[in-house]
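A.B. asks: Sequence:
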Amino acid sequence: PPGSADADAASSSMITIGGHQVGQDEPLFLQAELGVTANGDLATAYQLIDAVAAAGADAAKFILTNPEAITTAPDEPFTFETVEGPRTVPIGPLLHETTFTPPEWQKIRDYCHHCGVLFFATADCEEGVDFLESLNVPAHKISAWDLQHYPLVRRMVQTGKPVLIDMGPATLAEMYGIAAVCPKEQRLLVHSPHPIQGREWQLSRIWGQDDYAWGFSSPGREGWADFVALGRGARLFEKRLTLSRSDMRGHHHAASLEPREFSEWVSSMRHASVALAERPFGILSALSREERRRWGRSLYYRRALPAGSRVVSSDLSILRPAGGLAPDVARTIEGRILVRPVTERGPVSWDDFAA
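Taking the working numbering, I'd label the letters of the sequence shown as residues 204 to 558.
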């Protein structure tokens with residue numbers, strides 16, 4: 204039937220995460236990335252969750268990793284940026300420094316709920332998905348580096364919950380592969396570029412105005428890219444959060460916002476989202492209406508005229524303020540006979556003429 208395709212598109216572009224509708228014409232869903240910056244320390248995690256709640260963001264997103272399950276080369280060197288410059292360490296010990304025990308994960312989940320913040324995580328193994336399910340997370344996220352790990356993706360899909368798909372440097376073939384494994388009604392594509400040059404941001408990949416739900420995960424502290432992604436139609440945004448770029452060990456801190464900055468980012472994104480909301484073309488605010496009345500123009504008489512005069516174009520002026528007859532009716536006025544006298548610089552009114 205007519206309109207059914209549009210209705211299907213509208214429903215398919217809506218994802219629900221813990222009661223939050225994520226889609227066009229819905230409030231932004233804003234989450235903090237804490238998976239690495241919590242440093243595997245429970246007290247640090249609590250402080251970061253406090254910052255998420257204080258900023259008014261919606262979710263705290265962690266990373267649940269099993270170092271033994273994801274790499275055969277724990278000694279592989281990993282280089283990351285710090286405020287003091289690049290640092291290189293073995294990947295295995297670094298991953299171990301970001302892990303929590305099952306009882307600690309339960310405490311983190313409970314503290315998020317206590318603070319009114321949603322909790323979920325990226326899992327890098329199937330057992331991790333099962334554990335997160337035991338914590339009743341509202342969504343799952345798949346890392347860009349695991350897009351071809353189809354058993355892991357399928358395990359997330361089997362939960363029936365939304366799956367945030369970190370597109371990272373994904374190829375078109377990988378996108379089609381994910382589409383074949385994860386149904387459209389469950390997937391939310393998260394554009395997560397790893398740019399070195401400006402052209403590598405590829406923000407044009409986001410086409411959130413169509414029937415796909417899109418998100419954006421910024422690789423750094425820049426705000427401009429978030430605003431571009433918002434204009435492209437992204438409705439879920441992820442930003443890294445740290446307690447301190449200079450005092451915290453580990454990686455990702457240098458690319459993260461500190462609590463005050465994160466709060467300002469949340470406020471800016473929500474304001475920008477409201478400003479971008481579609482409205483009928485025309486005067487939108489009380490201020491613009493008042494300014495239009497003061498500085499707009501109306502028709503006025505150039506000279507005083509007695510009753511019975513025929514109005515010609517030279518009798519009319521277009522002056523401020525507005526509030527009277529609009530200038531575009533001048534041709535309708537020309538040639539009419541006045542039924543009453545009018546004054547110089549007086550406003551033109553329909554009452555000046557016979558009906």
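Source of the hints: derived by calculation from the structure; they are not laboratory data.
A few of these clues could be false.
Unchecked claim - Here are the computed lysine to aspartate or glutamate pairs in the EDC-like style, where the Cα-Cα straight-line distance is at most 16 Å:
1) Lys387 x Asp369
2) Lys310 x Asp244
3) Lys387 x Glu403
4) Lys310 x Glu271
A.B. asks: Look at each hint and say if it fits the structure.
C.D. replies: Hint by hint, here is what the structure shows:
Among the hinted pairs, lysine 387 with aspartate 369 is consistent with the structure: their alpha-carbon atoms are about 15 Å apart, no more than 16 Å. Between lysine 310 and aspartate 244 the alpha-carbon distance is near 12 Å, which keeps this suggested pair within the 16 Å criterion. As the CA atoms of lysine 387 and glutamate 403 are separated by approximately 26 Å, the hinted pair breaks the 16 Å bound. For the hint pairing lysine 310 with glutamate 271, the CA-to-CA distance comes to about 24 Å; that exceeds 16 Å, so the pair is violated.
Checked against the numbered hints listed earlier, the structure breaks hints 3 and 4; every other hint is satisfied.
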